[in-house]
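Position chain H relative to chain X; hints supplied.
These protein sequence lines map, in sequence, to chains X and H. If you count by our numbering, then the first sequence holds residues 555 to 882, one letter each, in order. If you count by our numbering, then the second sequence holds residues 6 to 292, one letter each, in order.
Because the hints were derived from the structure by calculation, they are not lab data. Just so you know, these numbers come straight off a predicted model, no measurement behind them. For glycine and all other residues, C-beta sits at the position ideal for the given N, C-alpha and C. Careful: at least some of the hints might be erroneous.
To be verified - Label-pair ranges, simulated between beta-carbon atoms: (1) ALA644/X to LEU117/H: 35 to 43 Å; (2) LEU655/X to PRO265/H: 24 to 32 Å; (3) ALA185/H to GLU766/X: 38 to 46 Å; (4) PRO93/H to TYR835/X: 23 to 31 Å; (5) GLY96/H to SER561/X: 34 to 42 Å; (6) GLY96/H to VAL563/X: 32 to 40 Å.
Unchecked claim - One-sided and incomplete, this derived list gives chain X residues near chain H with beta-carbon spacing under 10 Å: (7) GLY666; (8) ILE674; (9) LEU682; (10) PRO704; (11) SER797; (12) LEU801; (13) ALA802; (14) GLY805; (15) VAL855.
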Amino acid sequence: MRGRVGSAVRIAIPMGGLIGLIVLPLFLTPYQRSVLTEIMIWGLFAMAFDLLYGYTGMLSFGQALFFGAGAYGIAFAVLRLGWGIWEALAFGILVAAFLALLVGVVAVRVTGHYFLILTITFSVISVLVLQSGHWRWLSRGYVASPFTPPPVPLGPWKLSLVDPLMNYYWVLVFVVVSFVTCWRIVHSPLGKVFQCIRENEERSRLIGYHVERFKLIAFVLGGLFSGLSGALLALTLRYVDISFFELALSGKAVAWTVIGGAGTLVGAFLGASVFIISTDYLSAWIVNVPLSIGLLLLLTVTFAPDGLVGVVRRLTLGSVSADGGKPS
Amino acid sequence: MEILPQLILGAINGLVWGFILALIALGLTLIFGLLEIINISHGELYMLGAVLGWYILQLTGNFWVSLLLAPLVVGLLGLAIERGVLRPIEGKPIITIIATFGLSMIFQQAVLSVFGGAPQRIAAPVGWEVSIMGFGYSGYRFFVALCSLLAISALWGFLHRFKYGMWMRAVRQDREMALALGIPISQVYMLTFGLGAALAAFGGILAAPIVALEFRMGLDILPAVFIVVIIGGLGSLEGSLLAALLIGELEGITSVFVTPTTARIFSLVFMSAVLLFRPEGLLGRHR
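Just chain X, same shape as in the assembly (with noise of 0.2 Å):
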């Protein structure tokens, strides 16, 4: 049964949500087209933290302050430094890695509960340094900065990223760029080192690997995806703030790709989508977001912990795969 059938629905799946992807904004109002494009942010923010915990098992709880390095790196760079797009998006990435990098030589030495509290305290003190209204040379804290996305030079056009249609595409190119990336670190030798690390680090480590080394490199790579969508809300939004160093941004990121499924990537977008499309229906009678957020995540953990992507293997399969273990 698995033979050729599954590998041509294995093709045909991801090719028709691919053509989906680009012929559905066409027929999309506005708004909605505005919705996809970030739940496709979203969903690719949660895929950075699924390579994160779903692969490597380091439940970080601080991918937000990678997120806003990348938003505040590319509108410091258009702002400030007057750089075209590719050198604007580049910078914004490179700060975020940069950042993962410094945190990750101290939070890879930990495991467990003292990862995620070690990753908590290095974004909310973030928070804590650009609210202070110190440092001011570096942000402009609480003030919102607007900023006018630089048009992307390609061949002979400038394309402009302030046409919502032509912003959704550019959006798409990087998250489906990314999704294959993430998809063949997962599945090269490098991912296996990952999700052995995430099985038993301990016997990864008498196995001869240098589970620090890996574990960094994992944070870093998830550090940089965060950046990257973090960089894609700012030139999509046109402003940077506060906000988008909230620590309820990775908690978010956290909530998505477990209801969705961690250890899948795609559960990362399937739970952004569930999540951003339902609290978009209830905020209509339900007016404080936030709180309805935190509600429907603690009805969702408590009826449907093993995620998304758990139940639809569940009914499709009658088994759960062992690829999609939660390390806990």
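What follows is chain H alone, placed relative to chain X:
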């Protein structure tokens, strides 16, 4: 301005702040030691203590009533949280952490919509001032240190002299054996969470006349508390107490020279250094 009196003031401020930190960190580490979960909503319990205290003060006009009632109410809330939210998902650490994160969002937003976003203040109930080397110093801060010290001693006494306290220590040491001896573990878990919540709220109401009350004040204190429990060693009560006083002093004294934000960064660097050289914390037993 001379440097010596400022240093002394900084040291006293740090001591007072260290005691408040100790109350909150002890609650957190008590919960971790038994239930093995990191309560992300712990900062919000501190915030709830302060905000509830403000409401009770508005109703009764008496600070001492709110000093007693606010921790009691938050403690009861803690019992309800353990029973209603955490019990059904017991044994799933990640899910539990996400649940406490959901709780922290709910508390923050609930307070924001009821209490409003504008910071409020409570006047210090103790008016007298102490003169230290020519500077007037609020006597209330000494009262805070004294109250915290009393509460911490009471906690120690409770853990060593009372039935439930000894049960708590027993469950901490060996859960299976405690269960075999007939200790009602579920009750002990519930009580632990309630006690931890009440300690955080007590810290909150004590700190209320010193800090600005707002829905985000839990987030302000969370990193400091986390730094304390990491330096002290997760689950070690003595370590948390020591580390809280240490971090309080560090931030108090450095704040004389630099901004509080930079002082907080100093403690972050200090924590990183401790982790690099002693990953289990100062008094921690295991990782």
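Evaluated hints:
Checked against the hint of 35 to 43 Å, the pair ALA644/X and LEU117/H passes, with Cβ atoms roughly 38 Å apart. Taking the beta carbon of each, LEU655/X and PRO265/H are about 27 Å apart, inside 24 to 32 Å as hinted. Between ALA185/H and GLU766/X the beta carbon distance is about 40 Å. The supplied range of 38 to 46 Å therefore holds. Taking the beta carbon of each, PRO93/H and TYR835/X are about 26 Å apart, inside 23 to 31 Å as hinted.
Remark: the range hint 34 to 42 Å for GLY96/H to SER561/X is upheld by a beta-carbon distance near 39 Å. Range check, GLY96/H to VAL563/X: about 36 Å between beta-carbon atoms, so the 32 to 40 Å window is met. Residue-level restraint check for GLY666/X holds (minimum Cβ-Cβ distance to chain H is 7 Å; threshold 10 Å). Taking 10 Å as the C-beta cut-off, the interface hint given for ILE674/X holds, the closest approach to chain H being about 6 Å.
Satisfaction of the interface hint for LEU682/X is found here, the shortest Cβ-Cβ separation to chain H being roughly 6 Å, below the 10 Å cut-off. At a threshold of 10 Å, the smallest CB-CB gap from PRO704/X to chain H is about 33 Å, leaving the interface hint violated. Hint status for SER797/X relative to chain H: violated, with the closest Cβ pair at about 12 Å, above 10 Å. Restraint check, LEU801/X versus chain H: the minimum CB separation of about 7 Å is within 10 Å; hint holds.
The restraint placing ALA802/X at the interface with chain H holds, with a minimum CB-CB distance near 6 Å, inside the 10 Å limit. The restraint placing GLY805/X at the interface with chain H holds, with a minimum CB-CB distance near 4 Å, inside the 10 Å limit. At about 5 Å, the closest approach between the beta carbon of VAL855/X and any beta carbon in chain H falls short of 10 Å, and the interface hint on this residue holds.
Checked against the numbered hints listed earlier, the structure breaks hints 10, 11; every other hint is satisfied.
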